[in-house]
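Student: Read off the chains here:
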Amino acid sequence: MNLATFIQNVLNSLTLGSLYALVAIGYTMVYGILRLINFAHSEIFMLGAYFVFWGITLVHLPWPVAMVLAILVTASLGVLVDQVAYRPLRDAPRISALISSIGVSFFLQNVAIVFFQAIPREVYRPSWLEDPILMGGVRVLPLTLFVPLLSLALMLALVYVVYRTKTGLGMRAISKDIETSYLMGVPVNRVIAITFGIGSALAAASGIMWALRYPQLQPIMGTIPGFKAFIAAVFGGIGSIQGAVIGGVTLGFIEIMTVAFFPDLAGYRDAFAFVLLILVLMVKPTGLLGERPEDKV
Amino acid sequence: MMRGRTIPLNCLAIAVLGALLYLADTYCDGYQIQILNLIAINIILALSLNLIYGFTGLFSLGHAGFMAIGAYVCSILIMTPDQKDMLFLLQPAYDWVAAAHAPFFVAVLAGGAVAALFGALVGIPLLRLGDDYLGIATLGFAEIIRVVANNIPRLTNGALGFKGIPAFANLWWNYGWALLTLYVLVRLLQSNTGNVLKAIRDNEIAAKAMGVDVFRYKLVSFTVGSFFAGVGGALLASLLTTIDPKMFLFTLTFNVLMIVVAGGLGSMTGSVLAGIGITVLLEWLRIVENPVDFLGFSLPGIPGMRMVVFSLALIVIILFRREGLMGTRELSWRSVAGFFTREKA
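One line per chain: the protein sequences are A and B, in this order.
Per the numbering used here, the first sequence runs over residues 1 to 297.
Per the numbering used here, the second sequence runs over residues 1 to 345.
This is chain A alone, in the form it adopts within the complex (with noise of 0.2 Å):
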């Protein structure tokens, strides 16, 4: 492999790395706050990327507009699953929100295919992201420059409101324990959807631009990205954001690089996740940066 290709193949991880950490930071956010697997959001991935879709087609929107709309969108939709689907539970055991959460990811992903059809979509690209431009000998698409700097910025302003505002701070408290913030007067119930309505706005961002990326539509494309994402949030420590960026990163280093040092093991790509996530799980059950819950009696 010379090093063009290489440096290539860094970039490409770095792209996917990113999309991935923006899932994850998602998932992380919720399961800190309510211990819950939100399966619901490869859902709101996958949405989000529609939404641009139908923006532009339908309403013929110019691209950025469709793209902080299908954001807006997305991220009430995620605040909605919650009200609907989550709040009520709240009291509840944690399965039956697990359980609810895997009935509203098959709701949307079956509202998807009623609605847009399973037929996969091509997806517009504007043309400044296909152009490649030549940097010292790599042909770089923008498009794998885009991504990861979107991407870095989102969470740098992420970063911003989680440790710099009172909602941050609502949020790391009901993290540490939910009902010490009931009883110390965080709304905690506002602060938990304010968190919905990110953690969404994170997945539709990535759910767009992996659209960009691989330039088609279907509504079960949230599934496997979704999944990756959360192992990701697993093995940077469930709970933790920069665990979840790490995690996203190396999973998208793991994945492209395999791919790119050993190509007949190409056919396995989707299964390196879950290997790596079993493998995780075994050794230091709580990942990189997450700590270890306490056993209650």
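Treat the hints with care, as some may be off.
Once the Cα atoms are required to be at most 30 Å apart in a straight line, the calculated DSS-like pairs of lysine-lysine come out as [what the hints assert, rightly or not]:
no., chain 1, residue 1, chain 2, residue 2
1, B, K84, B, K163
2, A, K284, A, K176
3, A, K176, B, K208
4, B, K208, A, K284
5, B, K198, A, K284
Just so you know, these hints were derived from the structure itself, not from any lab.
Following the hints, complete the assembly by docking chain B onto the known chain A.
Tutor: Chain B alone, transformed into the frame defined by chain A:
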């Protein structure tokens, strides 16, 4: 009611079931018989998942994986060597795969046994994990099985899968296995092991403090559950006569989970009733996908609508009737007698 009287009553019930099956076999059309067969298989799958999840509290999402193992093992064994010669077009099968051949009963048993073996192998490292982690890890296992099935063409014929699997699975086989599953699981749950499993489900830490070897009992439950999941997959393969890796997606696990939750986690009776109800409902829901004339309006059929209604039903159940149809209650001769004599059972 004394225990001695339940045995004749059970025999009577089996005789009635046998008579009903005979009538169904004679008078029902192929489509109805197919649904009856699916009911039996769904009951087997729901019972096995209920043992793992409802009675032991192990949140497992790997059922599709164990079913896939059972289905592939059984299919390889019941297809004749000539058939396999014709089937493996892209790459020839391994010699031992091509040569393997066994009668149907042995093949189903082998499917279950291999699934149980994998259950134990996966269980040993994974059963130490907490509930959500176990769920996602078993889900990962099922996905790995699917990806592997796609990539070993000399064993599984790759993405093409198997076609023309001999259709041995008739009403008698399927209901026979369903009865056997029910019998084994009920006996297991009524034994001391069953009490320990429920204790682990209700409070693992307390069970551990009582000196229970929690891990060993979890492993037993998981392995037995995997066995019957494999059996269910084996019967399904022979019933549908065609399998491929795409069939064993997460959706399959979801359907079984739906039956277990709707019937009641921790109720064998619930799994049986919901197995019947949901299988019929899923077929009946095909109506919404076909065009219908309703009071003079003609409604166009909407493909995919069936699963929308189905998943909505799951959400509604979990929101409004979390304990499912039966909760943890069971139907027994004793409770039936109590109902009629108005005694408290």
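Student: Hint by hint, say whether it matches the structure.
Tutor: Hints, one by one, checked against the model:
With a C-alpha separation of about 10 Å, the suggested pair K84/B and K163/B falls inside the 30 Å cut-off, and the hint holds. Taking the CA atoms of K284/A and K176/A, the gap is about 21 Å. The hint holds against a cut of 30 Å. Of the supplied pair hints, the one linking K176/A and K208/B holds, its CA atoms being roughly 27 Å apart against a limit of 30 Å. Pair hint K208/B plus K284/A holds up; C-alpha atoms about 22 Å apart against a cutoff of 30 Å.
Using a Cα cut-off of 30 Å, the hinted pair K198/B and K284/A holds, with the two alpha carbons roughly 28 Å apart.
When each numbered hint is compared with the structure, no violation occurs for any of them.
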